[in-house]
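Chains as they are written, first to last, in our numbering: chain E, 1 to 467; chain C, 1 to 202.
Calculated from the structure, these hints are not laboratory results.
Just so it is clear, the structure is predicted and the values come from calculations on it, not from any experiment.
A portion of the hints provided could be inaccurate.
What the hints assert, rightly or not - Example chain E residues on the side facing chain C (calculated, C-beta under 8 Å, incomplete):
hint: 1; residue: Pro38
hint: 2; residue: Asp128
hint: 3; residue: Glu148
hint: 4; residue: Thr283
hint: 5; residue: Lys318
hint: 6; residue: Ala412
Claimed, not checked - Reference listing, derived: stretches of chain C covered by chain E, where coverage requires no fewer than 3 residues with Cβ under 8 Å from a Cβ of chain E:
hint: 7; segment: 31 to 38
hint: 8; segment: 64 to 72
hint: 9; segment: 130 to 142
hint: 10; segment: 153 to 163
Claimed, not checked - Chain E stretches covered by chain C per the calculated footprint, using a threshold of three residues with CB under 8 Å from any CB of chain C:
hint: 11; segment: 79 to 93
hint: 12; segment: 433 to 443
Where a beta carbon is used, it is the ideal one built from N, C-alpha and C, also for glycine.
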Amino acid sequence: MARTLYDRLWDAHVVVSEADGRSLLYIDRHLLHEVSTPQSFAALREGGHVVHRPATQLAVADHAVPTHDRDRPIADPLARAQVGLLERNCADFGIDYLRLDGPDQGIVHVIGPEQGFTLPGMTLVCGDSHTATHGAFGALAFGIGASECGTAMATQALWQTKARRMRVTFAGALAPGVTPKDMALALIGRIGAAGASGHAIEFAGEAVRALSMEGRMTLCNMAIEAGSRTGLVAPDATTFAYLEGRPRAPASASWDAALAAWQDLASDPDAVFDREIEIDAATLAPQATFGTSPDQVIAVDGALPDPATLADGAARAKLEKALAYMDLAPGQRLAGLAVDHVFIGSCTNGRLDDLRAAAATIRGRRVAAGVTALVVPGSGAVKRQAEAEGLDRLFVAAGFQWREAGCSLCVAMNDDRLPAGARCASTSNRNFEGRQGAGARTHLMSPAMAAAAAIAGHIVDIREDAA
Amino acid sequence: MIPLRQVEGRAISLPDADIDTDIIYPARFLLITEKRGLGRYAFHDRRGAPGFPFDAPDAKEATILIAGANFGCGSSREQAPWALADLGLRVIVAPSFGEIFFSNCFKNGLLAITLPAEQVGALHGAATAGATIAVDLEAGTIAAPGVTTIPFAVDADSRESLLNGWDETARIRARHSADITRFEAAQRRASPWLWTKDDIDA
Chain E
1 MARTLYDRLW
11 DAHVVVSEAD
21 GRSLLYIDRH
31 LLHEVSTPQS
41 FAALREGGHV
51 VHRPATQLAV
61 ADHAVPTHDR
71 DRPIADPLAR
81 AQVGLLERNC
91 ADFGIDYLRL
101 DGPDQGIVHV
111 IGPEQGFTLP
121 GMTLVCGDSH
131 TATHGAFGAL
141 AFGIGASECG
151 TAMATQALWQ
161 TKARRMRVTF
171 AGALAPGVTP
181 KDMALALIGR
191 IGAAGASGHA
201 IEFAGEAVRA
211 LSMEGRMTLC
221 NMAIEAGSRT
231 GLVAPDATTF
241 AYLEGRPRAP
251 ASASWDAALA
261 AWQDLASDPD
271 AVFDREIEID
281 AATLAPQATF
291 GTSPDQVIAV
301 DGALPDPATL
311 ADGAARAKLE
321 KALAYMDLAP
331 GQRLAGLAVD
341 HVFIGSCTNG
351 RLDDLRAAAA
361 TIRGRRVAAG
371 VTALVVPGSG
381 AVKRQAEAEG
391 LDRLFVAAGF
401 QWREAGCSLC
411 VAMNDDRLPA
421 GARCASTSNR
431 NFEGRQGAGA
441 RTHLMSPAMA
451 AAAAIAGHIV
461 DIREDAA
Chain C
1 MIPLRQVEGR
11 AISLPDADID
21 TDIIYPARFL
31 LITEKRGLGR
41 YAFHDRRGAP
51 GFPFDAPDAK
61 EATILIAGAN
71 FGCGSSREQA
81 PWALADLGLR
91 VIVAPSFGEI
101 FFSNCFKNGL
111 LAITLPAEQV
121 GALHGAATAG
131 ATIAVDLEAG
141 TIAAPGVTTI
151 PFAVDADSRE
161 SLLNGWDETA
171 RIRARHSADI
181 TRFEAAQRRA
191 SPWLWTKDDI
201 DA
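I would like the entire structure built from these sequences, with the hints used as guidance.
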């Protein structure tokens, strides 16, 4: 019977199946960070468990870490204790830890691929909902909670319910100024924040094939914002070229064997999906969110919806609440809306492609008066490469702050937090209430759009910012 | 894990859609590395807003939450169910859930039940009226005054685990260690590159 890529990955990892459709899946790799694992290690100790295969685990601190003054101890005692606890837990259980002061530290979803830890055909989990990112390599990757992190470490297996199959096809080529972030936001706007719940998404089509690995990661990263734990892109020459020679990727004969096996990682031509979404990539406009859920998004040149036009009471209440929190009015336009903060970074848009796109927007101009703009590379390696290309000098000369790698303003549990009432153009993944700081307001958009907003002091349509 | 068979009590009604785990448990409290005693941070930034249901005088007695669609979407943080359980909640009923949150509930003695929106609507009515709602996991039913008894389904393994208070890690080790060993031997032959970095099990 014809199978989808998701079916293939699933079938290859079933240890046992129950009659009700649940399967015990073998877990090939586990990425750990400091926030979702303290209680997992506590559970291992309480249960008297060891880590079954320490070499399949890789840990790094990213969420709680400051992105400045990294030569000094972490100032916040709770954050310092949390990072110290990860380091000790890894030492106690024999897990490889990428030190905060070392060259390889970075956001967990940036360093996994960068290290060649993430490979096609494998299952990969992490106590983090943006684990879908790794699906860009054709890996079955999904976010889990702290309890399951402990189970995965102790048993190398997790009980899972198989999702339905969904294919999202982006036909045609993106117009100038339109990016993978806009593809993700447009999809979420169309199907809703729970639109892909219960489904595993495979991204396909000409516009997806044309994306770099960075772009594919941006797309898969935001699958969870559409409700799906899993986003997939079938691996191809772009994938293999990215991985070859990475420190933890297989080498020589082992690489050749892996490469041969990876050729089969695709959906059969006649495979049937439970749901198909088709989007014409060529007609997509740059997107920006206006509300407190990622599906509250419009083309940047559009007008905000009016709750009064919505018949459904719950939908009307949701929109009214969001507009009130964001201090926006029906019919208002996002282009021209003043921002006081800009954040360029995160596991969604903190990679080299993203920083290049943001830097290319500057063209000798400066950040507008009254705007605080942060550029936070996704990893130490991204930072070094950007500096080798001189991007840091462009950012600093323009008035952007150039920081050390971490989750920073995507999660507001480190030193980077916005005050109540602040309005931020952000390349991160969530515009939830308080996501960037209690009472702060977030507008999600692409790196070039965020950089342009920093320079103009307000949201701009990147297509009108062209040189 | 504390076993769960029947739960009978007051319910809180929170009908908003898309209540994400950042709202349930704001990120800045994730620096705490404990899993107990987190109830005081639940909905921290919503507390004090006019009419917020968790502020009602009788909310402390509630053991059941009737929620809106896509409840618990967003971040995978298990602090969300830990905090709700710490408030004394044992059952959450909603038209749909964020998937990771849904899974996390069952690891912590919290029963998450998905029901059609009309039935959840009837339970919102009962909760708002201050009625006692009875949830029976063994029978798979929810009963409330003025509401026709509602049947619900939970997958067999999660149901057994909740009824018995089983720990998932211990259960997999006890029942499936040999299966896992067998799988590993086969994978080492078929996909040896997944094992080249292994420093044990040689």
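Which numbered hints are broken by the structure, listed smallest first? 4 and 9
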